[in-house]
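Q: Each chain is listed here by its residues.
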Amino acid sequence: MTVDSNLPDVTLGDDEPPMARVMLVVSIVSAFALLILHGVLFPGSEIPALGDVISLFGGLANSGIWIFLIGILIGFGMMVATVMGEALED
Amino acid sequence: MLLVDIVTLWAAFLLVWALVNRGVPIFQELVRDMTDFFMEKALGPGADLFEGREGSGTVAWMMHGMLWTSIGATFTFIGMWMVHEPDAIASLSSIGYAPSVATVQAAASGAATGGIFMLLIGAGLHINGRLSGSGLASDTNAVLVSYAFSMGLFLGFLGEHFSGKWGDYMTTAAATISVLVTIAVLANHLLTIGRRTNHTIMPSQWLIVGGLGMPLVMCVACYIVGINEALSESLVVLPMLASALAVALYVVPYEAGAPLWSRSLAGVTILMTFMTLSPIGVEGSSAVSIDEAAMLTIFYAASMIPILATAGNVFQTARSNWGQASSSAASTSVLLGMFMLAGSAIGHLFVGADAQSAGEIQHLASSMDTLFLWGGMGMIAWGGVISCFPHASGRSLHSDETNRMTTWMVSGGAVLAFLFSMGASMVSSAYDAAAVANDSIDADLIDMSATGTLDTLASIAFYAVAIAAILMMLNMIRGSFSGTPIGSGEPASPSANRIALTPGSTTIRQLLAAGAGVDTEIDVICDTCDEEE
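Protein sequences appear in the order of chains P and C. Heads up, the first sequence is in the numbering used here, so the first residue is 273 and it goes up one at a time. Heads up, the second sequence is in the numbering used here, so the first residue is 809 and it goes up one at a time.
It is worth saying that the hints were derived from the structure and are not from the lab. These numbers come from a predicted model, not from an experiment. One or more of the hints may lead you astray.
Coverage of chain C stretches by chain P, computed from C-beta distances (three or more under 8 Å per stretch; other residues unrestricted) [what the hints assert, rightly or not]:
(1) 879–892
(2) 1276–1283
(3) 1286–1292
A short, non-exhaustive set of chain C residues, derived as facing chain P with CB atoms under 8 Å [claimed, not checked]:
(4) 909
(5) 910
(6) 911
(7) 1209
(8) 1271
Not everything, but these chain P residues come out facing chain C in the computed CB check (under 8 Å) [stated by the list, open to error]:
(9) 290
(10) 304
(11) 306
(12) 309
(13) 327
(14) 330
(15) 334
(16) 340
(17) 344
(18) 347
(19) 349
(20) 354
(21) 356
(22) 358
Just so you know, even glycine gets a beta-carbon here, dropped at the ideal spot from N, CA and C.
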């Protein structure tokens, strides 16, 4: 049964996704793109560790785990900074 | 004899049930006053350090718990990575830190288990206070012992890194502190129930008190009559499991705005949680005969009943008001956690039963532990934090978006880490079995890169859990300092402030249609009533 209506079947809303989520998706897609690009350009070679990219960390960070640990360290740093910032603001 | 030990367990449950329901005859007031004294005044200056504001106990336990969960998740990630690259953090040996894979995994397990348990205890304090109607008996004591428990976790974490006498001293001190703190928290719960203004003791309250009390009673029984090692091993997980079921039975009905679906299923949950033996965490075979091993298997299988009963109960509760339940991050988190808890419990049933017999699938134990701790307990604790923390602190969490995002990060990360690590251990076990069966295969020449790849993927998947814990900690810190005060927000939908009615009958539907809300004042205007009186 067809219902006659003056309203269109589909209308457009005004809401937008939060910028944080957009950035998260773009970051994940970029990471995948870089991984695939590395596989195409340097087939068979290991993914470079932090020490291979930044010579300052050459002696310290010679494992891929440090790329991940940097994120965790920044997270813990943000925890301390947030506590100090909120306490001072109070 | 195992059967006698199980009867002792049932007797302990009856004792706890009778004491909570009827109190201690004659000495009731004396015990209550003495406990009250030891909870606050006897602590002297220690108790004066904290203000004891309502809800502060829950906030302190949850803050400490999330910090330890973040630390535990970080070290679990490092431990997972070191499985396929043992020298990953070898560069830290230059500053004197060069732990083995086993050390990192043991320290991570202690921190993560302690952290998630702290979150569940924090939620339990809030739940018991609310359901009792009188608030928590002593928030001051709850805050104080949260610091003590945290100190115990720190000592245990350090102790895992030290070999020899000092390591033993530290882990012993950590265990002693955790038992003392558990006694203090249990006393707080019992005092709260003793002062309750709501007559009925709800299922969540029974689970909280039983979960903390039963292992302590069985410890005493162990000293007096001696308890089989298999039974003691099953009791280790009881406080955490019972607390998680208590949180699930509170958070879902509360968030869905619907009554708990089934009273009888809730009763079955309480009874069977404490009258059966859980296989979760059982990894080593105990000194039991073949008949006792068969009996253990039956009790292990029966321990699925409370978990499946709770899962069915909370899913049906959510279904009765699905729109509200599914839009709440807390409820979603608990439902996901119950789903994963049921899966991990069934997996542990096979692993635990196998530990008492052939020991052929013990390579799956580690993966099952990951699913139970992070997928089951972690997700339910997450729901408890999202639901209880704002009410305890009086301020909403900083970002609802972070609540939802971290829920999916933890659940996705835990499930993928479980699947990849289980795949790696199954492939590795199959290679080993093939090498043993065929002498012509040189085990050193087998290409094990597949397991290395799966282990790498497992650790990368678990990285999401570590980041989620840190983001949630930030969310809690910002929320407790500058979140919107609870109760100051605008109503969800506009409603009339006041409606005047004339005497006569009116349905709720007609009132709602007229724009009435829960805060609308109803004035019945009757011009002739005074004259009639």
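Q: Check the structure against each numbered hint from earlier and tell me which ones fail, lowest number first.
A: 4, 5, 6, 10, 11, 12, 13, 14, 19 and 21
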